[in-house]
Amino acid sequence: MKLTVNGTEHEVDVEADMPLLWVLREELGYAGVKYGCGVAQCGACTVHIDGEAQRSCQVAAADVWGPVTTIEGLGTPQALHAVQEAWIEHQVAQCGYCQSGQIMQAASLLSYTPDPTDQDIDDAMGGNLCRCGTYTRIRAAVKTAAAKLQEV
Amino acid sequence: MSRIGKIARRTFLVGSVAVAGGVAFGVWRYRTPYANPLKDDLPEGAAALTPYVKIDSDGVTLITPRADKGQGAYHVQAALIAEELDIELDQVSVDPGPPSAAYWNGALAEEAAEFMVPSDGMVRGMAEGVVTASMKFIGLQMTGGSTTVPDAYLKLRQAGASARETLKQAAAQDSGVDAGELRTEGGAVILPDGTAVPYTRLAATAAGLDPVQDAAIKDPADWRILGKPMQRLDIVAKSTGTQEYGIDMQVDGMVHATVLLNPHQGGALNGFDAAQAEGMRGVKAVVPITGGVGVVADNTWRAIQAARSVQADWAPSSMPATMDAHWQALSDSFTPEAQDSRKRDDGDVEAARNGAELVEAEYRAPYLAHAPLEPINAIVRIDDDGAEVWTGTQVPRFVQQNVAKIAGLDPEQVTVHVLMIGGSFGHRLEDEVVKQAAEIAVQMKGTPVKLTYSREEDMMHDFPRQIAMARLRGKVRDGRVDSLDLGIAMPSVMGSQMSRQGLSVPGPDSQIVAGAWEQPFAIPNQRVTGYRAPDLAPISSWRSVGASSNGFFYNAALDELIHAAGADPLEERLRLCDDPLARAVLEAVGDMANWSGPLGDGKGRGVALTRSFGVHTAEVVEVTNTDRGISIDNVWVAAEMGRVLDPVNFENLVQGGVIFGLGHAMNCEITYRDGIAEQDNYYSFEGMRQFQAPRIEVRGLENGDHVRGIGEPPVPPAAPALAGAIFAATGTRLREMPFNKVVDFA
Ligand code: FES
Ligand code: FES
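Sequences listed follow chains A and B, in order. This note's numbering numbers the first residue of the first sequence as 129 and each following residue consecutively. This note's numbering numbers the first residue of the second sequence as 254 and each following residue consecutively.
Derived from the structure by calculation, the hints contain no laboratory data. All values reported here derive from a predicted model rather than from experimental measurement. Take these hints with a grain of salt, some might be off.
Take a look, some chain B residues computed to stay more than 10 Å from chain A by CB distance [said to hold, decoys possible]: (1) Gln426; (2) Pro787; (3) Val995.
Straight-line distance between alpha carbons at most 25 Å, and here's what the computed DMTMM-like set of lysine to aspartate or glutamate pairs gives [to be verified]: (4) Lys537(B) x Glu143(A); (5) Lys481(B) x Asp348(B); (6) Lys658(B) x Asp637(B); (7) Lys537(B) x Asp141(A); (8) Lys994(B) x Asp927(B); (9) Lys130(A) x Glu180(A); (10) Lys481(B) x Glu217(A); (11) Lys481(B) x Glu213(A); (12) Lys856(B) x Asp246(A); (13) Lys537(B) x Asp145(A); (14) Lys271(A) x Glu180(A); (15) Lys537(B) x Glu139(A); (16) Lys537(B) x Asp526(B); (17) Lys856(B) x Asp886(B); (18) Lys271(A) x Asp886(B); (19) Lys130(A) x Glu155(A); (20) Lys130(A) x Glu200(A); (21) Lys658(B) x Asp636(B); (22) Lys856(B) x Asp250(A); (23) Lys537(B) x Asp637(B); (24) Lys537(B) x Glu155(A); (25) Lys130(A) x Asp501(B); (26) Lys276(A) x Asp246(A); (27) Lys271(A) x Glu950(B); (28) Lys658(B) x Asp638(B); (29) Lys130(A) x Asp551(B); (30) Lys271(A) x Glu213(A); (31) Lys481(B) x Glu955(B); (32) Lys271(A) x Asp178(A); (33) Lys856(B) x Glu950(B); (34) Lys856(B) x Asp251(A); (35) Lys596(B) x Glu771(B).
Have a look at the derived ranges for each label pair, beta carbon to beta carbon [what the hints assert, rightly or not]: (36) Asp788(B) x Thr132(A): 52 to 60 Å; (37) Gly179(A) x Asp343(B): 33 to 41 Å; (38) Gly699(B) x Tyr240(A): 47 to 55 Å; (39) Leu852(B) x Gly254(A): 25 to 33 Å; (40) Asp191(A) x Glu531(B): 23 to 31 Å.
Positions of the beta carbon are idealized from the N, C-alpha and C atoms, including for glycine.
Input sequences plus hints: build the corresponding full structure.
If you want it as structure tokens, here you go:
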């Protein structure tokens, strides 16, 4: 089957029910996408499909309905996305393992809700677990990112 | 050739060793006046160098041997060296030793795992809690007590300073200018005419010089890097998905494996039928391992799917069948025979009880999984003449020994690459995953086997935090707390943990009373007794270890007495406090929280202070009782740090520690039925989520003279401060964690 990831088209030969998460990580090498729970409880595997945040552990390879963007496609160390800039400014990460998913979730939130309230942030980010407890900084970084995106 | 300078009065010496194209500076450990089993293994006059700085034509490498599990340890270690070396952090590369690089040999690597960094309080605390058996595991640092042994805070700076001065000597020799006229800046020695000679050009000369001993280290007032906000070295990688963790590591020819373990803790594998699994796509092998089955495939998901289809016959667990029986075992341990320690016995609690009305209560703390977000994993390749391991671990030497044993090799034949860890909280002090990967790898020699646990296997075999119970008998008099008699029963964490390494822990386990016996409150009659319960579930060190349960027990007990006395929780703590550093912390947090200020309807505040890992940490929690449940609105934290080396990371770690403490107190426990953990993923072990996270204001005090780690200390006071706040808001006294057994959270 065909998958478009970060603008590149890939042909993959996998079971129809292999979760997108594992296709991305192990068949295509997008290791920025993380496995945390496999059951839609942690958000570490969050990617964008058609520009919207999705849990890649819950999407079967055969069901991917649009182009996929992973953290690697959102921005790079050389060309950061505004959300990543904000994450760096606030030094959000501790172990960092959840942060790909947090950033993808936040980027999706801001694309639909450019000026989120605390309630919007709570609603959008509630499915992204951070075992290191960086929530205080995540909230601040989302607001900074919103401001950055609005300046542009 | 190695060089060692004159023996200073310090217990370590700065040394250097020539390496290909350059020089490495580090710290020699030499014979020391106090007993240390590790040292005793060294032949007379032998020494081992722990390298911290390597300079060659490629550049400057800072070697940061303590594992980083998300707490910024690499960064702080590098900053300590860079500060003295007069180099900027963006001019160096950082090598998270130990044993990997070819430029050092076995003798050099020997010590690399063994020292402390200030931010690694958990290991330090473990060391305080155990006797010599585990000193070999942990290293020498605590043998003589933390005040007499210089820690990494000094060692790394001293190594950096020595390297700096030696490089100046090298520049003096090369240029003919007197060393006194040289200065250093930006990774170069600056000659009087302004010419900058990069360290890399001086490395070869420096390798031939005796390293300068007793080079002056900087006055903190002159620090350029330390004590100021700095950008963590890993922050860009961790914000762009480019940080490589153990689970992302790839090795040529690697296969993907997972395990299906006997869900009955500790039970054996009687037999299994893998016919269905073996027929599944991509499956290469299904092999027996200790207590389970290893499934090898060409993709982790395929391995996990196949493992779920294996039919296994499991032997039962030797653990008690029900949680009631676990609690009963604790309850039955409050006996003179099971007494493990009585480290505090002030006044006369027995006499003080006479005639007065007793305040009695029982408290409980459950098993808790570490459940770091990265499922545990390891890659092992075993050949006939050596083995290689790639994993995130806090115990590389155990890993080396255990893989050697399984592979039938000598430990020196096993190379361990330590990788970045996606969270630990103590989980990576266990190395079962590596042993299991080795058991699979030894059955397919030459092939690197990457073992990744499913989340379910990880949580069900987590080696959780200890279960614990405490009993209070106390008394108040004239509106004051007069007597506190606290007994604490738990199995020995250290005993359980060390038993998996074939070590026993003789003598008392002071973690049983850590966070309770040493608190800075001068209650006239005060006794803290530890009782060692029998081994139940296999348990392990969990962020703040004994204090994670005992900080709750002690503060909750104190709160009940203060309430009985009709006193104010903060005022009475201040009145009882007999340590000026702790008092300052309490005053600061009261100030930050505006403790005596008005509170709105349905709101409550609670306060707690715990001294753990040498750090006094006080927290005030403010909650609102809403119609959806308890909402945690605000937390204020003050901690006595001696020095805050990295203020941003400090704040982040404290906030994280508070959330960790609160989240588990709210809704987490691991329970066992027939030895099977009843929680297997985050839906049943959730912790705190974004919408529940309070505002958290943090202040680090610098009144003391000891630099301490902050990974653990924010955890213990969080739960009792929350319990106090809920009591203030609702009148409900919480004596058992998790609190959602009794109250709802919004
Ligand atoms: S791995 Fe997909 S939500 Fe946790
Ligand atoms: S930073 Fe470690 S899980 Fe979020």
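Tested hints:
| no. | hint | result |
| --- | --- | --- |
| 1 | Gln426 | holds, 40 Å |
| 2 | Pro787 | holds, 31 Å |
| 3 | Val995 | holds, 23 Å |
| 4 | Lys537(B) x Glu143(A) | holds, 17 Å |
| 5 | Lys481(B) x Asp348(B) | holds, 23 Å |
| 6 | Lys658(B) x Asp637(B) | holds, 13 Å |
| 7 | Lys537(B) x Asp141(A) | holds, 18 Å |
| 8 | Lys994(B) x Asp927(B) | holds, 22 Å |
| 9 | Lys130(A) x Glu180(A) | holds, 19 Å |
| 10 | Lys481(B) x Glu217(A) | holds, 15 Å |
| 11 | Lys481(B) x Glu213(A) | holds, 20 Å |
| 12 | Lys856(B) x Asp246(A) | holds, 21 Å |
| 13 | Lys537(B) x Asp145(A) | holds, 20 Å |
| 14 | Lys271(A) x Glu180(A) | holds, 19 Å |
| 15 | Lys537(B) x Glu139(A) | holds, 24 Å |
| 16 | Lys537(B) x Asp526(B) | holds, 15 Å |
| 17 | Lys856(B) x Asp886(B) | holds, 9 Å |
| 18 | Lys271(A) x Asp886(B) | holds, 19 Å |
| 19 | Lys130(A) x Glu155(A) | holds, 13 Å |
| 20 | Lys130(A) x Glu200(A) | holds, 19 Å |
| 21 | Lys658(B) x Asp636(B) | holds, 13 Å |
| 22 | Lys856(B) x Asp250(A) | holds, 21 Å |
| 23 | Lys537(B) x Asp637(B) | holds, 21 Å |
| 24 | Lys537(B) x Glu155(A) | holds, 17 Å |
| 25 | Lys130(A) x Asp501(B) | holds, 24 Å |
| 26 | Lys276(A) x Asp246(A) | holds, 17 Å |
| 27 | Lys271(A) x Glu950(B) | holds, 18 Å |
| 28 | Lys658(B) x Asp638(B) | holds, 13 Å |
| 29 | Lys130(A) x Asp551(B) | holds, 20 Å |
| 30 | Lys271(A) x Glu213(A) | holds, 12 Å |
| 31 | Lys481(B) x Glu955(B) | holds, 14 Å |
| 32 | Lys271(A) x Asp178(A) | holds, 24 Å |
| 33 | Lys856(B) x Glu950(B) | holds, 18 Å |
| 34 | Lys856(B) x Asp251(A) | holds, 24 Å |
| 35 | Lys596(B) x Glu771(B) | holds, 8 Å |
| 36 | Asp788(B) x Thr132(A): 52 to 60 Å | holds, 54 Å |
| 37 | Gly179(A) x Asp343(B): 33 to 41 Å | holds, 35 Å |
| 38 | Gly699(B) x Tyr240(A): 47 to 55 Å | holds, 51 Å |
| 39 | Leu852(B) x Gly254(A): 25 to 33 Å | holds, 28 Å |
| 40 | Asp191(A) x Glu531(B): 23 to 31 Å | holds, 28 Å |
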